[in-house]
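Protein chains in written order, with UniProt numbering: chain Y, 1 to 247; chain R, 1 to 342.
These aren't lab readings, by the way, just hints derived from the structure by calculation. Note that this is a predicted model, so its numbers are computed, not measured. Where a beta carbon is used, it is the ideal one built from N, C-alpha and C, also for glycine. One or more hints might be untrue.
To be verified - On the chain R side, residues computed to face chain Y include the following (Cβ under 7 Å):
#, residue
1, His-197
2, Arg-211
3, Asn-275
Listed below are the residues making up each chain.
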Amino acid sequence: QGKFTLLRDTRTDGSFLVHHFLSFYLRAGCKVCFVALLQSFSHYNIVAQKLGVSLAAAKERGQLVFLEGLKSCLDLLFGEEEQPGQPSPLGFLSTSDLRALFDFVRVSLTPVDGDSWKGPVLLVDDLSVLLSLGASPVAMLDFIHYCRVSVCCQLKGNVVVLVHSNEDSEDEENELVVTSLCHHSDLILWAEGLATGFCKDVHGQIKIIKRLSLQQAGEQDLIQIYQYKIQDRNVTFFARGLSAAVL
Amino acid sequence: LVFTEEDKYGLYSNLLFKYFLAEGIVCGHDLFVASAKEHPDNIRKELPAPLLDDAYGKELGDEAAAAKSEDFQDSMKIAWRYQNLPKMEASPTTHTKFGHYYDVSKKMSPELCQSVKWHSFYLHEELSLEPGMKTWNMNSGYARLLQSIQRIISQEGFDGSDPQKKQRNVLRIGIQSLGSILWGDDICCSDTPEDIHSLTKFLYVLRGLLRKSLSACIITVPAHLIQNKAIMERVTNLSDVVVGLESFIGSERETNPLYKDYHGLVHVHQIPRLNSLICDVSDTKDLAFRLKRKLFTIERLHLPPDLSDTVSRASKQDLAGSAKLLSSGCGAMAIGKKHLDF
Chain Y
1 QGKFTLLRDT RTDGSFLVHH FLSFYLRAGC KVCFVALLQS FSHYNIVAQK
51 LGVSLAAAKE RGQLVFLEGL KSCLDLLFGE EEQPGQPSPL GFLSTSDLRA
101 LFDFVRVSLT PVDGDSWKGP VLLVDDLSVL LSLGASPVAM LDFIHYCRVS
151 VCCQLKGNVV VLVHSNEDSE DEENELVVTS LCHHSDLILW AEGLATGFCK
201 DVHGQIKIIK RLSLQQAGEQ DLIQIYQYKI QDRNVTFFAR GLSAAVL
Chain R
1 LVFTEEDKYG LYSNLLFKYF LAEGIVCGHD LFVASAKEHP DNIRKELPAP
51 LLDDAYGKEL GDEAAAAKSE DFQDSMKIAW RYQNLPKMEA SPTTHTKFGH
101 YYDVSKKMSP ELCQSVKWHS FYLHEELSLE PGMKTWNMNS GYARLLQSIQ
151 RIISQEGFDG SDPQKKQRNV LRIGIQSLGS ILWGDDICCS DTPEDIHSLT
201 KFLYVLRGLL RKSLSACIIT VPAHLIQNKA IMERVTNLSD VVVGLESFIG
251 SERETNPLYK DYHGLVHVHQ IPRLNSLICD VSDTKDLAFR LKRKLFTIER
301 LHLPPDLSDT VSRASKQDLA GSAKLLSSGC GAMAIGKKHL DF
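Using the sequences and the hints, build the whole thing.
Given below as structure tokens:
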């Protein structure tokens, strides 16, 4: 409850973690607001069905609020003039102001009478795209801060955000955002490509960092490292060096 | 969204671009071609002619026959563990038939070219932006291109908006040399460009348009000219497939005996992971291309064994350099920067 989880990937694609959290929270009965900036609704829907959850049904019953970035930007750019009273959540594309996006999140997750969902969850895939669309790093950090205050503290919900990062990245703005978010996260799941290169049986390694140092002074962060292999319907994790191919 | 990083002189990426368009014509897809460099009509005249099945089969057949004559092999004595591995297939065999093959030395016949609907966008002939059109501070060239693409998609019903239309077709979009100075964007000439978000915003909206309609798009970009690498990282994130072509022309690799059979390398930086947790990764990451008189082929790069008696320092460094190349992998799975030291 009230936790901020950061999903991070380096040299590989960490989106399997997003799919996992999405189906996990929906199955747990939480109300989820999913800000999906990178892929279309049908992509997530198809994968979620493989994982045993129907996004369309969740949307119908009001459990899932889905912001499809790709579709909304088209409506914004090619559609009619927006009503002045209802700024679009993607309004930052012209104004570089993420406030409308935050309002969208807050309104979606504020419980309505008659709601019986356990705990609200905000899921973002992925935050690094906002930089490509013209948002400034400071605005993004402010947005995340507001979301934490609103979702984690006030509503006692969870926030899960995916960012990309690269070693020797030249994208300083991105590195700034990622480093800053790392400092403030309660849990970091870091999916990395293997340092030795591509391997068919081990797709990467995942570092799980529990930020115990945030909770109590003097405590050390707990770091666990596993390797993983992604399959069609699930992901198998194993200790380093113990992949099924080797044993 | 197929994103291609151009090779230095644009020769080979242009070829790849034309292949994409030619395949569209042969499959009966509609085409949309945008360029700021060459008039699209000129591009259309230069498309390669499709090879008839038997002609290609014969070419490949000749090569395969030559290889088969050495087929019987003595059992290996030292490297016997390798005996059981399948024989290295350099090019796709004739049983994997996906797409069509083209003869680079011949041009496509005008009748075949006319058989599909052709939409073109030549930046310098387009009318200026309508006032009041939202651009989101994007470069006006890009904004006009987006508007044009969106108009074609909705008018021709590629987004399923016209329920009357029974036969649904695919739209193939080809955009040449995006990001170059000819489009009015200065990311290729300056370290601190005026607007680093134009290209990425354009790609995001394009991605939205492609997802919403039955279309596929190839873009070539002179990536070697873009000084600001952060842009390339963001662009990779926004594309489904990223392929880089590195030609050996003018580089020291041209005379390197290791590469003498090839004209360049193909770097696959990213492959799509759509509608699934997994992506379709091939066994090998090392691909090279060569342009024969009639065919442009992409094959697995295999280095010949180093059989010289005296392995001098210089060639050892070359090998190390190539080994580094071989160990670099694909972004969707894993990229290793350190090559394995033996």
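Outcome of the hint check:
1. For R/His-197, the shortest C-beta to C-beta distance to chain Y is roughly 4 Å, which falls under 7 Å, so the interface hint holds.
2. Because the beta carbon of R/Arg-211 sits about 4 Å from the nearest beta carbon in chain Y, less than 7 Å, this interface hint is met.
3. Checking R/Asn-275 against chain Y by beta carbon gives a least distance of about 4 Å; that is within 7 Å, so the hint holds.
Violated hints: none; the structure is consistent with every hint.
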